[in-house]
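Peer 1: Residues in the sequence shown are numbered from 34 upward in steps of one, following my numbering.
FYI, nobody ran anything at the bench for these hints, they're computed from the structure. Some hints here could point you the wrong way.
As the list claims (entries may be wrong) - The calculated lysine-lysine pairs, modelled on DSBU-like cross-linking and capped at a C-alpha distance of 30 Å, are: (1) Lys35 with Lys173; (2) Lys173 with Lys137; (3) Lys54 with Lys98; (4) Lys60 with Lys173.
The model shown is predicted, which means the values in this text are computed figures rather than measured ones.
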Amino acid sequence: MKILFAIDDNAISSMNLSFVKNFNLTKNSEFWLISVIDMAITSSPEILSVGFQTTNEIENSFIEKARHNLDRVRKELLTYISPENVQIFTELLTGSPASRILEKAENNNIDLIILGSHYHSALERFILGSVSSPVLHQSKRSVLVFRNN
34 MKILFAIDDN AISSMNLSFV KNFNLTKNSE FWLISVIDMA ITSSPEILSV
84 GFQTTNEIEN SFIEKARHNL DRVRKELLTY ISPENVQIFT ELLTGSPASR
134 ILEKAENNNI DLIILGSHYH SALERFILGS VSSPVLHQSK RSVLVFRNN
């Protein structure tokens, strides 16, 4: 079984990952932990007004936080599964999160995509966009969406 976890700063990284014990994992099982940074967001005026000096500083901050979250989720996964039974890959990507998740799933023949969902109002979804919705509706793979309140 090949499972892709799409990790962002809040949704899946704060989830209790103990449910992975219920998966039928074999020696060939793979976990793909990916985080996608939308660099278009890092140059928005709202982000620049928060006290960063340059777009480069913002990008570095996003990258550092994403790497930290990937490492944290990887360590948590290892508390529930045996590393001898599975391979764990971590990858930090840039671009449109939904597009990159779908692309990674297709290119690696993923069986299950797991991602979190934030509760946003209709206005917030319009302004911020959504990652889980296009992944859910456009994926040719099974998708599991966890809702965080």
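Peer 1: So which of the earlier hints does this model not fit?
Peer 2: As far as the earlier hints go, not one is violated by this structure.
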